[in-house]
Amino acid sequence: MLGRQLAWVLLLFVPFIIYSAVRIGRRVRSTTRRGQDQLADVQNILHETITGNRIVKAFGMESWEVARFRTAAQRLFRANLRSVAAAAISSPLMDTFGAVAIALLLLLGRTRIAHNEFTLGAFVTFVAAVLALYNPVRKFAVFNNSFQQAMGASSQLFEFMDTEDVVAEKPGAKPLPRFSRSIKFDGVCFSYEDDGDDAREILRGIDLEVTRGEVLAIVGSSGAGKSTLVHLIPRFFDVTGGRILIDEHDVRDVTLASLRSQVGIVTQETVLFNDTVRNNIAYGQPHVPQRDVEAAARAALAHDFILALPSGYDTVVGERGVRLSGGERQRLAIARALLKNAPILILDEATSALDSESESLVQSALHNLMTGRTVFVIAHRFSTVRRADRIVVIENGTIADIGAHEELMTRLGTYRRLYELQFANVDAPKAVAGS
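Heads up: the sequence shown begins at 0 in numbering that gives the first Met the number 0, then just goes up one per residue.
Certain hints may be false.
Think about it this way: if two alpha-carbon atoms lie no more than 16 Å apart in a straight line, the pair counts; the simulated EDC-like pairs of lysine to aspartate or glutamate are [stated by the list, open to error]:
id	residue 1	residue 2
1	Lys183	Glu158
2	Lys183	Glu168
3	Lys173	Asp246
4	Lys138	Asp94
5	Lys183	Asp291
6	Lys138	Glu208
7	Lys183	Asp94
8	Lys169	Asp274
9	Lys173	Glu247
10	Lys173	Asp94
11	Lys183	Glu247
12	Lys339	Asp291
13	Lys169	Asp94
Using C-beta positions, here's what the derived DEER-type ranges look like [what the hints assert, rightly or not]:
id	residue 1	residue 2	range
14	Leu156	Gly186	33 to 43 Å
15	Glu158	Ser324	52 to 62 Å
16	His230	Asn367	44 to 54 Å
Rather than coming from a laboratory, the hints here were simulated on the basis of the structure.
A virtual CB, placed ideally from N, CA and C, is assigned to each residue, including glycine.
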């Protein structure tokens with residue numbers, strides 16, 4: 000009976016407790032999110048300054064970078080203060096609610112005891128029960144704040160994980176059989192929406208067929224759509240018009256795993272992981288025998304420099320292969336593609352960032368990689384392009400010309416213009432020296 004008579008006093012505070020916990024929790028989450036953003040800014044500044052320390056020193060910008068870091072650190076400090084202040088208010092607020100509730104109970108209890116409605120002992124027992132119940136309620140606010148802090152810190156991660164791939168595999172997609180005949184671009188178009196939601200057309204009306212074993216070079220000005228064209232093959236993007244057929248199978252009708260298992264890629268920006276040389280070469284094939292890894296390294300002309308490393312194939316290459324030179328990183332990427340043994344190969348500016356000596360080694364390794372494969376070569380250096388079976392010239396998203404090097408040089412088109420622009424700087428010193 001005593002509980003029924005006085006419990007309504009406690010129920011009065013339930014809406015206030017829930018409302019305050021929700022409001023404080025929301026503020027804790029938002030302030031924690033802002034604090035994480037400020038922490039990311041500090042980390043970015045540190046990463047840029049440390050990795051680009053030579054540029055900072057060369058331009059004498061040490062003081063400016065220190066000031067930039069100090070400003071970012073102050074923003075982080077203020078953001079963390081707001082987060083701590085938002086979380087700290089919950090405990091005093093819960094204590095205030097508890098004090099008011101006990102005061103009301105004492106006021107009501109005194110009246111009831113004075114009218115002999117119940118004894119002092121019964122009332123003390125009830126108050127003791129209320130105090131025991133109060134501690135879990137007080138902790139609820141603290142636990143809710145901790146939960147909201149975790150949600151604020153990880154919200155961006157969850158949003159990223161929940162983002163669906165723009166390329167979806169069709170229900171009931173079938174595995175792609177081993178490539179054996181040709182790759183056909185049938186009226187291929189591709190466009191994407193820019194920030195203004197207007198579709199920007201990159202490729203249009205591409206009709207092209209590449210037979211097995213053919214080396215096809217793709218040239219054109221920057222932004223013409225060369226890389227986009229070849230990246231449509233493994234479905235990094237989907238065509239917005241037309242279709243791409245591999246042995247008469249539309250790439251949208253086959254499983255992504257079976258499609259991408261038949262495509263090897265070597266790009267200008269070599270991606271290596273902070274792992275051993277062996278694991279970088281055997282990426283995706285961790286259980287491949289060591290002899291196969293070494294055979295791929297030999298074909299990529301990488302075996303000798305790997306043996307010269309401190310731990311050979313067990314040497315950790317560092318983040319993005321920082322402990323290796325550009326040519327060494329590229330040869331490891333070629334060895335990785337060789338070990339994958341994909342019948343279709345994409346070389347996207349694979350030698351453009353190398354010096355002449357490294358390029359010569361990488362070119363030899365690429366020759367081993369290209370043997371017996373269908374190859375798409377994107378390169379600005381015509382020493383690589385001219386050895387292709389056919390050359391496709393992309394201009395403004397369309398095929399402007401196609402043919403062998405000698406054939407294209409007889410025409411006054413984009414290919415000849417690009418070729419002459421590249422070699423004009425080479426021939427000019429000779430002309431001056433002979434005058």
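Each hint tested on the structure:
With a C-alpha separation of about 37 Å, the suggested pairing of Lys183 with Glu158 is violated against the 16 Å cut-off. For the hint pairing Lys183 with Glu168, the CA-to-CA distance comes to about 20 Å; that exceeds 16 Å, so the pair is violated. Restraint check for Lys173 and Asp246: satisfied, since their Cα atoms lie roughly 14 Å apart, inside the 16 Å limit. Restraint check for Lys138 and Asp94: the C-alpha separation of about 11 Å stays at or below 16 Å, so the hint holds.
Straight-line distance between C-alpha atoms of Lys183 and Asp291 comes to about 33 Å, which puts the hinted pair past the 16 Å bound. Simply put, Lys138 and Glu208 have alpha-carbon atoms about 69 Å apart, too far for the 16 Å limit, and the pair is violated. Distance check on the hinted pair: Lys183 and Asp94 sit about 73 Å apart at the alpha-carbon level, beyond 16 Å; violated. About 35 Å separates the Cα atoms of Lys169 and Asp274, which puts this hinted pair outside 16 Å; it is violated.
For a cut-off of 16 Å, the pair hint linking Lys173 to Glu247 stands: about 13 Å separates their Cα positions. Using a Cα cut-off of 16 Å, the hinted pair Lys173 and Asp94 is violated, with the two alpha carbons roughly 64 Å apart. At roughly 8 Å between alpha-carbon atoms, Lys183 and Glu247 fall within 16 Å of each other, so this suggested pair holds. For a cut-off of 16 Å, the pair hint linking Lys339 to Asp291 stands: about 11 Å separates their Cα positions.
Pair hint Lys169 plus Asp94 does not hold up; C-alpha atoms about 57 Å apart against a cutoff of 16 Å. Taking 33 to 43 Å as the suggested C-beta distance range, the pair Leu156 and Gly186 conforms, at roughly 40 Å. Range check, Glu158 to Ser324: about 38 Å between beta-carbon atoms, so the 52 to 62 Å window is missed. The hinted window of 44 to 54 Å between His230 and Asn367 is violated, with their beta carbons roughly 24 Å apart.
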